[in-house]
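Peer 1: Read off the chains here:
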Amino acid sequence: MSEWLSILGDLDFSPLFISLKTGVVATIISFFLGIFAARKVIKAGPKVKAVADGLLTLPMVLPPTVAGFLLLLIFSRRRPIGIFLFENFNIKVVQSWLGCIVAATVIAFPLMYRNARAAFEQVDVNLVYAGRTLGMKEREIFWKVVVPNAGPGIVSGTILTFARALGEYGATSMLAGNIPGKTGTISQKIAMVIQDGDYVTAGIWVIIVTAIAFVIIAAMNLVSSKSKGMKQIKRW
Amino acid sequence: MIQINITKRFAGFCLHMDFEHESGCLGILGASGSGKSMTLKCIAGIEKPDQGRIVVGDRVLFDSEKKINLMPQQRRVGYLFQNYALFPNMTVEENIGVGIRDKKLRRQQAAAQIQRFQLTGLEKRYPGQLSGGQQQRVALARMMANEPELILLDEPFSALDGYLKEKLQHEMMEVLKDFPGDVLLVSHSRDDIYRFSPRVLAIDDGHVLQSGSIEDIFLSPLNYKVARLTGCNNISPAEKRGEYEVYAKEWDITLKTSRPVTEDIRYVGLRSHDIRTVSEDEEQNQGTPGENVFQMELLDVVESPFEYKYHMRAAGSSAAESIWWKTYKNLDKHAVPESFPRKLQIPKEKLLLLRE
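Quick mapping for you: the protein sequence lines, in order, are chains A and B. Letter 56 of the first sequence, counting from 1, is numbered 56 in our numbering, and no numbers are missing. Position in the second sequence (from 1) plus 1000 gives the number in our numbering.
Don't take every hint at face value.
Just a few of them, taken from the derived set where beta-carbon distance is under 8 Å, the chain B residues facing chain A [what the hints assert, rightly or not]:
{"hint": "1", "residue": "Thr1007"}
{"hint": "2", "residue": "Ala1011"}
{"hint": "3", "residue": "Gly1012"}
{"hint": "4", "residue": "Ala1044"}
{"hint": "5", "residue": "Tyr1079"}
{"hint": "6", "residue": "Phe1081"}
{"hint": "7", "residue": "Asn1083"}
{"hint": "8", "residue": "Pro1088"}
{"hint": "9", "residue": "Asn1089"}
{"hint": "10", "residue": "Gly1099"}
{"hint": "11", "residue": "Lys1104"}
{"hint": "12", "residue": "Leu1105"}
{"hint": "13", "residue": "Gln1109"}
{"hint": "14", "residue": "Arg1142"}
Don't read these hints as lab results, they were simulated from the structure. Positions of the beta carbon are idealized from the N, C-alpha and C atoms, including for glycine.
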């Protein structure tokens, strides 16, 4: 017991904050990009739709290490885009916190996109038509009618996105590396201490991650049970 | 004043609507899948016709030749959806407010509509918390607040029945009375159309079958489909037998007509309320049997609260189909049905002579 306490006392909590920060930023980016992409894809023709949907969903289906490899190819400072970013804007993606965000966003984005799209497609199309005949601008219809009525789906999409971004491991370790205090996320910390045989520290982090995951799932259930009683039009 | 001439093709269906309407309420009567709603959607700008022209008043909303296609937002066409399509996430007040063109006057005008449609006290409610009648009033208020020049009503009563339907029809009529623009009402129900529209367009399979006044359509439908749409139950294939005489094949009887029988007659129709009984006095006074008087035998009788429906045929005939005769009765369960066999007259002026 005293051993546990001393370990807890000496514990470096930086992985928790790095993971949370990364998760929040990646979720915010995915939220807007995902909704934007979902809106564009819904309006596109069937061919464009098939291709775009495939590309946007790919990062979720690919092994994260493959995504990490592709991201390295793009952002490596020995490659054109990486060189361009560093020389013109002094932006460094590889081995940096920015890398954590890029990796987490790319991996988690499809969850947001797919949930948003499914939620939009369930909104009664007559609501959109009604908005048009009433003279509402398309953008107004989207933000005031479609998004609020797709609310529960969007909220659960956002939570799933956050959960995925929070736990991202494969792509992050390849792109951002595991620099303690800088890019060292919880997932990477667990992998590292287990390699050192430090099961107690690993256990503490596992408990922390499990607690966060549980809170997220509980929150999602609360939101979706609320949505059933949402102010929907009752039919006779 | 509305002028519509549009064509829109789908796989296995072609919509071609060509009609004009002077003023007031025009009813479009058609079975489901006949293209009624699609026509309204084209007028509102929700769907785009392949070609044609849509003019409301002096404004061209759509003209494929001149490449005019106004956005729905610019058309000033009010659309009342069957399920009302109220925004579930907005309060009554907000629902009505979205359509108000002058944003500065939004609050004030919304309040005026709320009062006009007797929604006072419900401003902060959501559509899901309203009764069916209240929802219709909100939908009407929202549409009127947008100041449309033309109103489209898409099957507004078909999801309702009984008392609520009658009540909402009455309310709707009160609202439409004060509306200066034109109204198009689409319905598969002849009752709705009869009640609202002095002018009627009967349509089927994307085409106009017949247009005219409500009396024209109901009293002299031109062909089989219009007769069916207007609720004629007895229709038999027919053959011309003389200038004023026609043979109804499925009823196996020859009927005198008041209108000359044309060469292209294919069917003869008879509304089930139009058959009349022959009184004993009449029989005795005339001595000879009257025109179109037949001895009928009963095949079956169906009782409903206010009606008897008799299935019958001419006695001794080899009729393939029965003729329906409906008589009014009161609720008395023991009301005695007519006794059969008996003599009945098919008044010749009530016969519908129908083309294909």
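Peer 1: Are the hints correct? Go through all of them and say.
Peer 2: Taking the hints in turn, this is what the structure says about them:
{"no.": "1", "hint": "Thr1007", "in the structure": "22 Å, violated"}
{"no.": "2", "hint": "Ala1011", "in the structure": "15 Å, violated"}
{"no.": "3", "hint": "Gly1012", "in the structure": "19 Å, violated"}
{"no.": "4", "hint": "Ala1044", "in the structure": "5 Å, holds"}
{"no.": "5", "hint": "Tyr1079", "in the structure": "4 Å, holds"}
{"no.": "6", "hint": "Phe1081", "in the structure": "5 Å, holds"}
{"no.": "7", "hint": "Asn1083", "in the structure": "7 Å, holds"}
{"no.": "8", "hint": "Pro1088", "in the structure": "5 Å, holds"}
{"no.": "9", "hint": "Asn1089", "in the structure": "4 Å, holds"}
{"no.": "10", "hint": "Gly1099", "in the structure": "4 Å, holds"}
{"no.": "11", "hint": "Lys1104", "in the structure": "15 Å, violated"}
{"no.": "12", "hint": "Leu1105", "in the structure": "14 Å, violated"}
{"no.": "13", "hint": "Gln1109", "in the structure": "13 Å, violated"}
{"no.": "14", "hint": "Arg1142", "in the structure": "7 Å, holds"}
In terms of the numbered hints stated before, the structure departs from hints 1, 2, 3, 11, 12, 13, listed from lowest to highest.
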